[in-house]
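S.K.: From first to last, the protein sequence lines stand for chains P and X.
Numbering-wise, the first sequence is residues 1 to 99 according to our numbering.
Numbering-wise, the second sequence is residues 1 to 99 according to our numbering.
Keep in mind the hints are simulated off the structure, nothing from the lab.
Mixed in with the good hints, there may be bad ones.
To be verified - No more than 25 Å apart at the CA atoms, straight line, and that leaves these computed lysine to aspartate or glutamate pairs for DMTMM-like:
(1) X:Lys11 / P:Glu64
(2) P:Lys51 / X:Asp5
(3) X:Lys51 / P:Asp5
(4) P:Lys11 / P:Glu55
(5) X:Lys34 / X:Glu55
(6) X:Lys20 / P:Glu37
Unchecked claim - A short, non-exhaustive set of chain X residues, derived as facing chain P with CB atoms under 8 Å:
(7) Asp3
(8) Met4
(9) Ala7
(10) Lys11
(11) Lys20
(12) Val22
(13) Leu24
(14) Phe39
(15) Ile41
(16) Phe87
Unchecked claim - Have a look at the derived ranges for each label pair, beta carbon to beta carbon:
(17) X:Gly27 / P:Met4: 35 to 43 Å
(18) P:Pro44 / X:Gly27: 37 to 45 Å
(19) X:Trp67 / P:Thr45: 41 to 49 Å
Small disclaimer: the values here were computed from a predicted structure and weren't measured.
Heads up, the beta-carbon is just placed ideally off N, CA and C, and yes, glycines get one too.
Protein chains: 2
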Amino acid sequence: MSDMDAALICKALGDANRLKIVRLLSGGEKCACKLLEAFDISQPTLSHHMKTLCECGLVCARREGKWTHYSLCGETLAEFRAFLGGFDYPTQEGGCSCH
Amino acid sequence: MSDMDAALICKALGDANRLKIVRLLSGGEKCACKLLEAFDISQPTLSHHMKTLCECGLVCARREGKWTHYSLCGETLAEFRAFLGGFDYPTQEGGCSCH
DNA sequence: TTTTCATATTGACATTTATCTATTTGTGGG
DNA sequence: CCCACAAATAGATAAATGTCAATATGAAAA
Chain P
1 MSDMDAALIC
11 KALGDANRLK
21 IVRLLSGGEK
31 CACKLLEAFD
41 ISQPTLSHHM
51 KTLCECGLVC
61 ARREGKWTHY
71 SLCGETLAEF
81 RAFLGGFDYP
91 TQEGGCSCH
Chain X
1 MSDMDAALIC
11 KALGDANRLK
21 IVRLLSGGEK
31 CACKLLEAFD
41 ISQPTLSHHM
51 KTLCECGLVC
61 ARREGKWTHY
71 SLCGETLAEF
81 RAFLGGFDYP
91 TQEGGCSCH
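From just these sequences and the hints, can you work out the full model?
M.R.: Next up, the structure:
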């Protein structure tokens, strides 16, 4: 996963509503109308958020008749976790021999 | 870690420059002047990014004379990873009994 | 085919954000 | 005390973002 991909995912998660959407999807696939019930936002706004989540690969959309069902993309989620796992936090000091 | 805390961290990571800063700090503590060398941005802009990273708890600042040394906060990073770990991606379908 | 319903797109607007220049703050050395 | 330097803050501005009302699309039902 590239920095740009990761930044896109972070940006997508950096909104309280979208974070809540991801949490809801974490419980299993949901259609847009069910998701909408959980929020105080308009239908176009939810649709816009879903587009953001889909475009970064975190969420997949499945069309079934009139309804669109959304679910988390486990593969992307795993890759993102691996990306974050690449950050270490060495406790030793003096890493910067500044002056 | 609350949703708001996590959203703050995500927002902080949702910028290519800040992601790069975190990667640099992942290699150990660095002072602001060393970080600045790695970018094509002005000193105030870097300072602004560091403030964002510090305010979400991902980075700690340590003052030493005229210099400020920054490092990743391992605790926050761990909490954030745990937060993301809370998202499951159940593969079973039919989670939404929509219609 | 006409209607109805679920979702997506458009266009507009207010807010937030990333960035810069200019200035200020704080620290240490002459 | 004054100067030099590292970093932070202030103020301004262009770009991105979240939101909504209005409209379009697309699919099933009547």
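S.K.: Decide, hint by hint, whether the structure agrees.
M.R.: A quick look at each hint next to the structure:
1. Proximity of Lys11 of chain X to Glu64 of chain P is assessed by CA-CA distance (about 33 Å); at most 25 Å being required, the pair is judged violated.
2. For the given pair, Lys51 of chain P sits about 24 Å from Asp5 of chain X by alpha-carbon distance, which is consistent with the 25 Å threshold.
3. Among the hinted pairs, Lys51 of chain X with Asp5 of chain P is consistent with the structure: their alpha-carbon atoms are about 24 Å apart, no more than 25 Å.
4. Of the pairs offered as hints, the one joining Lys11 of chain P and Glu55 of chain P holds, with about 11 Å between alpha carbons and a cut-off of 25 Å not exceeded.
5. At most 25 Å may separate the alpha-carbon atoms for a hinted pair to count; Lys34 of chain X and Glu55 of chain X meet this at roughly 21 Å.
6. For the hint linking Lys20 of chain X to Glu37 of chain P, the alpha-carbon distance of about 38 Å lies beyond 25 Å, and the restraint is violated.
7. Satisfaction of the interface hint for Asp3 of chain X is found here, the shortest Cβ-Cβ separation to chain P being roughly 5 Å, below the 8 Å cut-off.
8. Interface hint at Met4 of chain X: satisfied, since its Cβ lies 7 Å from the closest Cβ of chain P, which is below the 8 Å cut-off.
9. At about 5 Å, the closest approach between the beta carbon of Ala7 of chain X and any beta carbon in chain P falls short of 8 Å, and the interface hint on this residue holds.
10. At about 3 Å, the closest approach between the beta carbon of Lys11 of chain X and any beta carbon in chain P falls short of 8 Å, and the interface hint on this residue holds.
11. With its C-beta approaching chain P no nearer than about 7 Å, Lys20 of chain X sits inside the 8 Å limit, and its interface hint holds.
12. Taking 8 Å as the C-beta contact cut-off toward chain P, the hint placing Val22 of chain X at the interface holds, the least distance being around 6 Å.
13. With its C-beta approaching chain P no nearer than about 10 Å, Leu24 of chain X sits outside the 8 Å limit, and its interface hint is violated.
14. Look at Phe39 of chain X: its Cβ only gets to about 14 Å from chain P, farther than 8 Å, so that hint breaks.
15. Hint status for Ile41 of chain X relative to chain P: violated, with the closest Cβ pair at about 16 Å, above 8 Å.
16. Annotation: interface hint on Phe87 of chain X holds; nearest CB of chain P at approximately 4 Å, less than 8 Å.
17. Separation of Gly27 of chain X from Met4 of chain P is about 21 Å and departs from the stated range, judged on CB atoms against 35 to 43 Å.
18. Between Pro44 of chain P and Gly27 of chain X the C-beta distance comes to about 44 Å, which sits within the given range of 37 to 45 Å.
19. Under the hint 41 to 49 Å, the C-beta atoms of Trp67 of chain X and Thr45 of chain P, about 45 Å apart, fit the expected range.
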